[in-house]
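Residue numbers (the working numbering), protein chains in the order written: chain S, 1236 to 1374; chain E, 5 to 485.
Worth flagging that the hints you see were computed from the coordinates, not collected in a lab. A couple of the hints might just be wrong.
[Claimed, not checked] Calculated cross-link-like contacts (lysine-lysine; reagent style DSSO-like; alpha-carbon spacing at most 27 Å): (1) S:Lys1374 - S:Lys1300; (2) S:Lys1330 - E:Lys118; (3) S:Lys1364 - E:Lys170; (4) S:Lys1298 - E:Lys118.
All values reported here derive from a predicted model rather than from experimental measurement.
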Amino acid sequence: MYQNVLLAADGSENSYRAADHAIGLVKGEKDARVDIIYVVDGSASKSDVLQYGNSHLIDHKRKEKLAPIEEKLQENGLSYDVHIEHGEPGPTIVKFANNSDYDCVVLGSRGLSQLQTMVLGSVSHKVAKRVECPVMIIK
Amino acid sequence: MNTATIKKDWFGNIRGDVLAGIVVALALIPEAIAFSIIAGVDPMVGLYASFSMAVVIAFVGGRPGMISAATGAMALLMVTLVANHGLEYLLAATILTGVLQIIIGFSKLAQLMKFIPRSVMVGFVNALAILIFMAQIEHFQGEGWMMYALVALTLFIIYLFPKVTKAVPSTLVAIIVVSALAIFIGADVRNVGDMGALPDTLPVFLLPEIPLTWETLTIIFPYALALSVVGLLESLLTSSIVDDMTDTDSDKDKECRGQGYANVVTGFFGGMAGCAMIGQSVINVKSGGRGRLSTFVAGVFLMFLIIVLGNLVVQIPMAALAGVMIMVSISTFDWNSLRMLTRVPKSDSVVMLVTVTTVVITHDLSKGVFAGVLLSAIFFAGKISKVKITEHVAGSHKTYEVDGQLFFASVTDFMAGFDFNDDVSHVKIDLTKAHIWDDSAVEAIEKVKAKFVQKEIEVSISGLNKESSQLMKRLNGLSGH
């Protein structure tokens, strides 16, 4: 049913689990692919630049975070692309998903407390509301 | 620089730049006032600085979309200069800071940034955050519960108003609400007007009124040097962050020169030295600002607001400003570094903590950076000075395999690795995995050789790489062996 899935990942434990579900969705389909989108927001930019300094190293470290997901996709023989985008996670994922032709967007919830959600806002909620295709949120 | 890039830098994103510039102008006002108060000058000095820094850097900066203005890092460095010598010396120091930065920019020293370890940079921002926070504590002294209540209300609005809308900066909403409340209930709290004069005219070009003597230079030079280093450090760090956020590149040497021009102009127009601001630049990019126009609009709109609304601005209670500054310090602090404290190498954590501690004690960011760089250089030398020596014995022949960098810091370990009382006839020193860096290393090898010879053991050296053997030859030639 799903051939072309977008997986929003940030290298967290939850995003690795979301990857398993994304793979489950497309498994057995012909020409199945799972694209990964990783959105770097302002504060992540700041701490990455502080931590690593030069842009090559930053790029490498970000890809390294997604490496376990890439391995999973390779093991399952799926084709994929990695997109590293900059901006607010919610709107950036929405824009990216709606600009291309995905059957489903899969993302992990950050597992925040009620207070944290009130202050930080829920990325998964925003994405679920505004993306035009079906959205799967992994708890 | 061709017309196409100028056009793109300025007018490639008009709508986003104008809106973001307005947002930044609103967010800059409380900070410019608060940083003036930290430095011990009238709010006017910080506001003029923020206006002229932003406008000048819009034209000459190397990183479009980055915001420069009066900053906390710079304000903290000026405190003693202002207290001991007054405003005119600060203006002169600002001009000299600009001149130094222009020289640094032309000599392409921005690349020296790579020698500043990341842990020092992390320490730099954390120390800055702590100092900004500490500077707010004095506003609480001798104040009643009203002060605490208003600060709490300010922070509450700042953090929760974005839930309602993100179109208006929440710091501005907090300031308006808290000011209105304080005026309405007639709260007996200090306000901005109590801290000094606000500008009611555009800044004018003036020469600082100081004696142009050698003595003046000796007073302002140390401050100017510290200001130029700290200013460039924060500016280049900010430009890297903006580079990353916008996924574009920027000209670091041009940015150094631009910071210099901006400070020279700012000094002549009665403003305090400034630099790029991480927080405001992030706000600008997040609000859609990308081009030079955003920085320009931020500066011009700020001045416009101050001239038009000056009599309202003086009524802003200090509690609201203190609240904004507490938010600034919370967002400046690199909270991620606390989590990394246990994960990064211990020496990195020590360097970071030493940088922070030095700054908090001396109130001088440049001293912290210096201490951090020095300490990490020592750690680095310590790390690479580890020499591993392995021995193989075959009958009366013994081979020493040396693995590591041979230089002044490692020669003691190197020499301790040999046993001169062995009962062997031949010793071979294999230097295939070693590199000889300096005079001390050559001397140490000669000493080892001599000691073996003294014990009537034959010595041979093998595996010298090309550079090392050239150095050996050159230095031995000099000392006449």
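Hint by hint, here is what the structure shows:
| no. | hint | verdict |
| --- | --- | --- |
| 1 | S:Lys1374 - S:Lys1300 | 20 Å, holds |
| 2 | S:Lys1330 - E:Lys118 | 36 Å, violated |
| 3 | S:Lys1364 - E:Lys170 | 18 Å, holds |
| 4 | S:Lys1298 - E:Lys118 | 23 Å, holds |
Figure legend: structure checked against the earlier numbered hints; the only hint not met is number 2.
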